[in-house]
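These are the residues of each chain, in order.
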Amino acid sequence: GENVGLHLPTLSVQEGDNSIINCAYSNSASDYFIWYKQESGKGPQFIIDIRSNMDKRQGQRVTVLLNKTVKHLSLQIAATQPGDSAVYFCAENNSGGYQKVTFGTGTKLQVIP
Amino acid sequence: DTEVTQTPKHLVMGMTNKKSLKCEQHMGHRAMYWYKQKAKKPPELMFVYSYEKLSINESVPSRFSPECPNSSLLNLHLHALQPEDSALYLCASSQDSGVMNTEAFFGQGTRLTVV
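Order-wise, the sequence lines are chains A and B.
Start counting the first sequence at 231; every next residue gets the next number (our numbering).
Start counting the second sequence at 271; every next residue gets the next number (our numbering).
Certain hints may be false.
Derived pair list, reagent style DSBU-like, types lysine-lysine, alpha-carbon separation capped at 35 Å [to be verified]: (1) B:279 to B:310; (2) A:286 to B:311; (3) A:286 to B:310; (4) A:330 to B:279; (5) A:338 to B:310; (6) A:301 to A:330; (7) A:338 to B:311; (8) A:330 to B:288; (9) B:323 to A:301; (10) A:272 to B:311; (11) A:338 to A:298; (12) B:323 to B:311; (13) B:279 to A:272; (14) B:308 to A:330; (15) B:289 to A:330; (16) A:330 to B:311; (17) A:298 to A:286; (18) B:292 to A:338; (19) A:330 to B:323; (20) B:288 to B:311; (21) A:338 to A:272; (22) A:272 to B:310; (23) B:308 to A:338; (24) A:298 to B:323; (25) B:279 to B:323; (26) B:311 to A:301; (27) B:308 to A:286; (28) B:289 to B:308; (29) B:308 to B:288; (30) A:301 to A:338; (31) A:272 to A:330; (32) A:330 to B:310; (33) B:311 to A:298; (34) B:308 to A:272.
One-sided and incomplete, this derived list gives chain A residues near chain B with beta-carbon spacing under 10 Å [as the list claims (entries may be wrong)]: (35) 266; (36) 274; (37) 275; (38) 321; (39) 323; (40) 333.
Since the hints were made in silico from the structure, they are not lab data.
The model shown is predicted, which means the values in this text are computed figures rather than measured ones.
Just so you know, even glycine gets a beta-carbon here, dropped at the ideal spot from N, CA and C.
This is chain B alone, in the form it adopts within the complex (with noise of 0.2 Å):
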């Protein structure tokens, strides 16, 4: 099994909603991650974790909250966006060695849209 399984495929929220986006993997994989990319852009990183703690948090909003229940789930909770966040938030899934980097694993995305 070499996928990350992203759901939902879609989303439309409205400004005082509150909504999660919700990542899988079982290739046993110890770093994930949350980019968010806009149209003809290239993704931009948002979080990491790797062995289910947060490393990295690219100065994003905290309407945007992350977490990490295990090592296979990772969720991205949405509260009070503004329209502007309308992106596809994917999620990615990569070993970690600490050393040696290898490649990620994406997601298809969801494609967040809000109003």
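Looking at chain A on its own, in the form it has when it is part of the complex (with noise of 0.2 Å):
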């Protein structure tokens, strides 16, 4: 079936560097993507989506790139701080009359203070 993964299951950054998570997708038909941010003991946090219309976006310390041509996405936080520590996950949909979110497998950001 289709797979959403990451490359690398834990990240460590020092505070105030530039962050980078990485997430391959096999579906080609996706056409919306999404990040999501999860600290630990609560439920995923929405951080920023792009559409397969779009190869960059930003947002507030966060931009996202998506490469369809090998299937990459990514998420660049800028100036690291503690407070985005946490699991952060890709996530696929795929217009079609139905909304069926599939999850990548995380990758946990460290900030080293």
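Taking the hints as your guide, dock the two standalone chains into a single complex.
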């Protein structure tokens, strides 16, 4: 079946540095991608999304890049802060009448003070 | 109000018990979801309701029974669960245009332990 996976399970970053979290997907029909942040004991929190007709989208301190040619998605966090420590999931969805969001395996981001 | 509220936050139940998880949202979203999340794993989709009708059942065992009484509420009825069903159960909601998807908002989850 379709698979949305991540390259690195854990990423350690110095406070103030930029973080890059990567994600690969295999379903070429996917047309909507979302990054979620999940802190311990909490539900996933929406960070940023991107549709397949775009290759870059920026938010506050976050940027998502989409490369449809190689089916790759990345989340860049600028000036990483201790509060950014969490597990980050990429998720995909494809139009088709039903909202079926499939999550990738997750990357744990550890920010070193 | 951009919240999805789940109750209870924690639940311990025996294998012969019957219990229900509840989820509520007042964002006018017409798609609601149940996900199951085991420790250190991503959320796995269980059910999707669209306009109060069950649209996706991801081959979930019948000991899990979803119910959508109205557009704001989603329940998950539990009966004769197994210890391996212990997990974080997440509810989510999103707008459902059927054409252009939007992000799902998640609740904080119910931590379920089956003993």
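A quick look at each hint next to the structure:
1. Among the hinted pairs, residue 279 of chain B with residue 310 of chain B is consistent with the structure: their alpha-carbon atoms are about 19 Å apart, no more than 35 Å.
2. For the proposed pair residue 286 of chain A and residue 311 of chain B, the alpha carbon gap of about 27 Å is at most 35 Å, so the pair holds.
3. For the suggested pair residue 286 of chain A and residue 310 of chain B, the alpha carbons sit about 29 Å apart, so the restraint of at most 35 Å is met.
4. Restraint check for residue 330 of chain A and residue 279 of chain B: the C-alpha separation of about 25 Å stays at or below 35 Å, so the hint holds.
5. A C-alpha spacing of about 9 Å is found between residue 338 of chain A and residue 310 of chain B, which places the hinted pair at or below 35 Å, so the restraint holds.
6. For the given pair, residue 301 of chain A sits about 19 Å from residue 330 of chain A by alpha-carbon distance, which is consistent with the 35 Å threshold.
7. Taking the CA atoms of residue 338 of chain A and residue 311 of chain B, the gap is about 11 Å. The hint holds against a cut of 35 Å.
8. Between the alpha carbons of residue 330 of chain A and residue 288 of chain B the distance comes to roughly 28 Å, so the proposed pair stays at or under 35 Å and holds.
9. For the hint linking residue 323 of chain B to residue 301 of chain A, the alpha-carbon distance of about 33 Å falls within 35 Å, and the restraint holds.
10. With a CA separation close to 14 Å, the supplied pair residue 272 of chain A and residue 311 of chain B stays within the 35 Å bound.
11. Pair hint residue 338 of chain A plus residue 298 of chain A holds up; C-alpha atoms about 24 Å apart against a cutoff of 35 Å.
12. With a C-alpha separation of about 28 Å, the suggested pairing of residue 323 of chain B with residue 311 of chain B holds against the 35 Å cut-off.
13. Restraint check: the Cα-Cα separation between residue 279 of chain B and residue 272 of chain A comes to about 10 Å, which is no more than 35 Å; the hinted pair holds.
14. Between residue 308 of chain B and residue 330 of chain A the alpha-carbon distance is near 19 Å, which keeps this suggested pair within the 35 Å criterion.
15. A distance of roughly 26 Å separates the Cα atoms of residue 289 of chain B and residue 330 of chain A; the hinted pair therefore holds under the 35 Å criterion.
16. Of the supplied pair hints, the one linking residue 330 of chain A and residue 311 of chain B holds, its CA atoms being roughly 18 Å apart against a limit of 35 Å.
17. Simply put, residue 298 of chain A and residue 286 of chain A have alpha-carbon atoms about 11 Å apart, close enough for the 35 Å limit, and the pair holds.
18. Simply put, residue 292 of chain B and residue 338 of chain A have alpha-carbon atoms about 29 Å apart, close enough for the 35 Å limit, and the pair holds.
19. Distance check on the hinted pair: residue 330 of chain A and residue 323 of chain B sit about 15 Å apart at the alpha-carbon level, within 35 Å; holds.
20. About 26 Å separates the Cα atoms of residue 288 of chain B and residue 311 of chain B, which keeps this hinted pair within 35 Å; it holds.
21. Of the supplied pair hints, the one linking residue 338 of chain A and residue 272 of chain A holds, its CA atoms being roughly 14 Å apart against a limit of 35 Å.
22. Annotation: proposed proximity of residue 272 of chain A to residue 310 of chain B holds, straight-line Cα distance about 13 Å (limit 35 Å).
23. For the suggested pair residue 308 of chain B and residue 338 of chain A, the alpha carbons sit about 15 Å apart, so the restraint of at most 35 Å is met.
24. With a CA separation close to 33 Å, the supplied pair residue 298 of chain A and residue 323 of chain B stays within the 35 Å bound.
25. Between residue 279 of chain B and residue 323 of chain B, the direct Cα distance comes to roughly 26 Å. Compliance with the 35 Å bound is thereby established for this hinted pair.
26. Among the hinted pairs, residue 311 of chain B with residue 301 of chain A is consistent with the structure: their alpha-carbon atoms are about 22 Å apart, no more than 35 Å.
27. Of the pairs offered as hints, the one joining residue 308 of chain B and residue 286 of chain A holds, with about 32 Å between alpha carbons and a cut-off of 35 Å not exceeded.
28. Between residue 289 of chain B and residue 308 of chain B the alpha-carbon distance is near 19 Å, which keeps this suggested pair within the 35 Å criterion.
29. A distance of roughly 21 Å separates the Cα atoms of residue 308 of chain B and residue 288 of chain B; the hinted pair therefore holds under the 35 Å criterion.
30. With a C-alpha separation of about 21 Å, the suggested pairing of residue 301 of chain A with residue 338 of chain A holds against the 35 Å cut-off.
31. Between residue 272 of chain A and residue 330 of chain A the alpha-carbon distance is near 21 Å, which keeps this suggested pair within the 35 Å criterion.
32. Taking the CA atoms of residue 330 of chain A and residue 310 of chain B, the gap is near 21 Å; set against the 35 Å cutoff, the hint holds.
33. Pair hint residue 311 of chain B plus residue 298 of chain A holds up; C-alpha atoms about 26 Å apart against a cutoff of 35 Å.
34. Distance restraint check for residue 308 of chain B and residue 272 of chain A: the Cα-Cα separation of roughly 13 Å lies within the 35 Å cut-off, and the hinted pair is therefore satisfied.
35. At about 8 Å, the closest approach between the beta carbon of residue 266 of chain A and any beta carbon in chain B falls short of 10 Å, and the interface hint on this residue holds.
36. Given hint, residue 274 of chain A at the interface with chain B, holds; its Cβ is 5 Å from that chain's nearest Cβ, closer than 10 Å.
37. Nearest Cβ of chain B to the Cβ of residue 275 of chain A: about 7 Å, under the 10 Å cut. The hint holds.
38. Because the beta carbon of residue 321 of chain A sits about 8 Å from the nearest beta carbon in chain B, less than 10 Å, this interface hint is met.
39. Checking residue 323 of chain A against chain B: minimum C-beta separation of about 5 Å stays under 10 Å; hint holds.
40. Taking 10 Å as the C-beta cut-off, the interface hint given for residue 333 of chain A holds, the closest approach to chain B being about 4 Å.
Checked against the numbered hints above, the structure violates none of them.
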